[in-house]
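Undergrad: Assembly of the complex is requested from the two constituent chains, each provided in isolation within its own frame, with the hints serving as guidance.
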Amino acid sequence: MRTQNLNGARLGGPENQTSPIGGSAAAPEGTRLESMTVRRIMGTEIEYGISVPGQPGANPMVTSSQIVNAYAARPELSKGGRARWDYEEETPLRDARGFTYTGALYDPAENLADEDSGLANVILTNGARLYVDHAHPEYSTPEVTNPREIVLFDKAGEMTMAEAALRAAHTPGIGPINLYKNNTDNKGASYGAHENYLMSRQTPFADIVAHFTPFLVTRQIYCGAGRIGIGQDASEHRFQISQRADFFEVEVGLETTLKRPIINTRDEPHADAERYRRLHVIIGDANLAEYATFLKVGTASIVLAMIESGAFDGTLGIAEPVAELRAVSHDPSLKHKIELRNGKRVTAIELQQSILEQAEAYCGADADPDTREVLDQWAYVLDALARDPMELADMLDWPAKLSLLNRYRERENLDWGAAKLQAIDLQYHDVRPEKGLYHRLVARGKMKRLLTDTEIIDAMTEPPSDTRAFFRGRCLARYPSEVVAASWDSVIFDVGADSLVRVPMMEPEKGTKAHVGELFERCEAAKDLLDIITAE
Amino acid sequence: MAAKDSGGQSQSQRSRQEADAEATEAAVDPEIAERHEAITEEVDDLLDEIDEVLETNSEEFVRSFVQKGGQ
Chain L
510 MRTQNLNGAR
520 LGGPENQTSP
530 IGGSAAAPEG
540 TRLESMTVRR
550 IMGTEIEYGI
560 SVPGQPGANP
570 MVTSSQIVNA
580 YAARPELSKG
590 GRARWDYEEE
600 TPLRDARGFT
610 YTGALYDPAE
620 NLADEDSGLA
630 NVILTNGARL
640 YVDHAHPEYS
650 TPEVTNPREI
660 VLFDKAGEMT
670 MAEAALRAAH
680 TPGIGPINLY
690 KNNTDNKGAS
700 YGAHENYLMS
710 RQTPFADIVA
720 HFTPFLVTRQ
730 IYCGAGRIGI
740 GQDASEHRFQ
750 ISQRADFFEV
760 EVGLETTLKR
770 PIINTRDEPH
780 ADAERYRRLH
790 VIIGDANLAE
800 YATFLKVGTA
810 SIVLAMIESG
820 AFDGTLGIAE
830 PVAELRAVSH
840 DPSLKHKIEL
850 RNGKRVTAIE
860 LQQSILEQAE
870 AYCGADADPD
880 TREVLDQWAY
890 VLDALARDPM
900 ELADMLDWPA
910 KLSLLNRYRE
920 RENLDWGAAK
930 LQAIDLQYHD
940 VRPEKGLYHR
950 LVARGKMKRL
960 LTDTEIIDAM
970 TEPPSDTRAF
980 FRGRCLARYP
990 SEVVAASWDS
1000 VIFDVGADSL
1010 VRVPMMEPEK
1020 GTKAHVGELF
1030 ERCEAAKDLL
1040 DIITAE
Chain P
2 MAAKDSGGQS
12 QSQRSRQEAD
22 AEATEAAVDP
32 EIAERHEAIT
42 EEVDDLLDEI
52 DEVLETNSEE
62 FVRSFVQKGG
72 Q
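So the sequence lines, in the order shown, correspond to chains L and P. One rule links them: number in this note's numbering = place in the first sequence (from 1) + 509. One rule links them: number in this note's numbering = place in the second sequence (from 1) + 1.
The following block holds chain P by itself, in its conformation from the complex (with noise of 0.2 Å):
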């Protein structure tokens, strides 16, 4: 990723990282990877839960919130 946007490096550089990124995500670690199915399975939950409690109509919600000036 990093090395996409680093304009100034020399190619050889360049190579490397990259090959670096490929090797690494190649050995993923499978707690690695359980914990971030983990991770994931919980902001789905919390984007499920958000979409219980939202107010029903959030045009309608949103559009209606008017306040007069305060301090």
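Looking at chain L on its own, in the form it has when it is part of the complex (with noise of 0.2 Å):
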């Protein structure tokens, strides 16, 4: 394979040392940024429950790679031949702290092995993955640069999912699929919904982990999806805040199946491994609700620039963070008190306000507007969360789902272990707008909302602007059948030469539509506009 190097090109490269949005790694070391802001290269990938109606033994894997096959017939998909992924970049076993891991749980070949196995995997032209990992379908946003971007592109994979299970229910030959975008099946098992985002590498990951992790306690409060049952098998019959708290064992560590971590040190950052750090954090659930995840990505950039800057003077180190995140959990009157490393007793409501306080004097009165939304909202929820947290029914997940169980509970007089409130808290989730009780608050104007339907449908296409995410959505778009695979950080073009022309895209800032927009539209062939950047 032939290999452009576009380095100093127009897709960037190690030497056009642009200063990356949100982070300090053009800053030379110990320089405080002029402005703190919650703009920095950031995405989600949600893994989504599956479930085949009176089915329950049918085979995860192949009804997964049913959604994403049936989604992949899209008429802007299926034109040119599908392309695959290219793994060349990828290291998923390498950690944070300095060493490659070897240890016998993980089969590499595991990762890289989807091909093979006839595991179904679809680059989208907004930029996004839709794929199959582990036993479920899984939506990877494409690359965005600020919260409101992030929820725009989580929303549109749930109305993927919600079509794909349309198209696969017509698919002759597949039955009725279900997709559920919650984080466990109440008898033990889990799965993700991830956030990334992209870091500094000058910032010490023992700073990361000191500072970022009293956040992650109790940041659930407003961005927990509720759940009822405690215990990973929900054996004790109650409600709580979090759909993951229960599934979260070990501090810190690189496993993400089992002995899940708080601070999770996969370091693979699809991007110039010598300027950034992924930051993967594994602990957040899924959500429904748009302020949910505008607050939960919009909070964590925050916090991370100012741990980048060194904002933080780690008084608010919880003694025993494991135990307190499930206690925060299990206690929906938000009373629990948290003990600190210096003895100290504070609520998560507390400890909150206390990073919000130090994130107010960091970012100042001249915050970007980005910021200022998310810092006003922040306020906001926190506040009414202190006063009464079913003021937030119409607002965040866990309370608006508590306020409709309470509800029901009183009419029909149920207790917690009542299948009929277990159901209402599984088809809250249900990605169908016609079943999902979500959707049907939504419907009948229930839920504040920070989008159109028709923002996140033009975004099931369309790829952000500002990121290298546009590049790689508009090559799919514009040239189907000329690229035959792609990665978060590569175009790989059949273009009839010799060899195929792999594109590197290491920088996550270039490729944008003010970058290369109009070469899309100058360039009728892909041959064209591979002539033009790579000789610049």
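If you're looking for bench data, these hints aren't it; they were derived computationally from the structure. The beta-carbon is built from N, C-alpha and C at its ideal position, and this holds for glycine as well. Hints may be right or wrong, so weigh each one.
Looking from chain L toward chain P, a few residues come up when the C-beta cut is under 10 Å (computed) [said to hold, decoys possible]:
| # | residue |
| --- | --- |
| 1 | 565 |
| 2 | 569 |
| 3 | 643 |
| 4 | 647 |
| 5 | 679 |
| 6 | 791 |
| 7 | 891 |
| 8 | 895 |
| 9 | 913 |
| 10 | 916 |
| 11 | 928 |
Chain P is faced by these chain L residues, among others (derived, beta-carbon under 7 Å) [said to hold, decoys possible]:
| # | residue |
| --- | --- |
| 12 | 746 |
| 13 | 748 |
| 14 | 932 |
| 15 | 935 |
TA: This is how it looks when you write it as structure tokens:
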């Protein structure tokens, strides 16, 4: 394979050192940033629960592939032959602490084998990836630069799943398959909703562990998705705030499927590793409520910017983070007191308020509008949570779900072990607009929204304009027959030459609409595009 | 309501609060009552809709939702 090295060309390279959004990679060490911002390269990846009505034994790898393949039959994805996933730069077992994992728990081949085993994968024209991971269909958003766009593409993923299920149901030989944007089957299994944040490589990993952990343990009070059942197998029938809290067992680690850590150490930047680290956050719940997703990623990105700038003094360290994660989740009254390392005891709301105060002081009055909106909404929900969480039943998932459950419980005089209530818990997450209870609340105008359906539908096919996802998405849309493979940091073309041409994209902020938008209008064929970008 | 759990308060405070609460209840604004009724109707309506869209056999539905582990 011939590799076109584009260092210095339009798509950028290591010597093309523009300041990364939201990071301090280009700033000299120890320099305080001019302005703090929520903006940085980020994305989410959600594994959906999958179920065939009446057939609990259906093979989920087969049904997940049917879902992905059904969506891949959309006209814009099927006309030029499907592009494969390019694994060349992927090193999923590299650890952020500086060593490569050599234990026996993971087989690298497993991570690379999906093409061979026939597990489906499709790269979408919006730059997203829809594929089968483990035993679930998964949607990874394209890289975006701000929390509002995360919500946009995360919701586009949800609509993609709904359409995929609808298409599958109309495919001869495939029965109805239902999809749920949740994180547990309440029988011991959990599946992930991961977030990714590109960070400065200069930030010591120990700082992330020390200062991000108290934030992650307590943020569930506004981004938990709610769950009936305590314990991994839900053996105790009671409502808790988070879907995922009971599945986290250690503070720091590389694993994602067992002994899950609050801070995951996977170090696979999909970008220039000298400059960037991709922080892989595995501890969140999948959210339906737009404001829950907005706050989940918005607050995280601000806190990470503060960590990059050395804003925290360590006084918020929690004595027993894993135990407190569960204790906070198990107390929807939000009265639980967390014990800090310094012996103080604070509620999750108080701990979050303390982080918010520092963020306000750090971001200052001249915060950009994206940052301001996150800070304002953060303050709003913490105040409301302190008064009465049910005030947020029209804005966040767990209060919305708990409010529904409580009303239903009162009317029918049910206890928390009732199958009806568990069915409501589960069906809150159904992606079908006519069946999902979250979607029924939206249809009644009962949930505050950030977006319109039209915007979300557009985002199913249109890439974000200000990251390399634009280049990836446009290549797939414009030259479907010539793109034979792609990944987060590459697009591979077959333009009829002796060998394939691989365009690396190691700078996530290059390949934007501003950089290359007019090239797609100008170049009828992929070969013309390649001639131009490789000549510079 | 609040007065019942406030064990530390003096008797006089407690009875004044109770009296206030009764007074408030007695003088229910018809507009508020109407709104309250509308909300109750709406909630009933929503719960009825849940009954309509909920998978028919809840027990079977919940039991057969079995997932393989994930990340």
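Undergrad: Tell me the numbers of any earlier hints that the structure contravenes, in ascending order.
TA: 5, 7, 8, 12, 13
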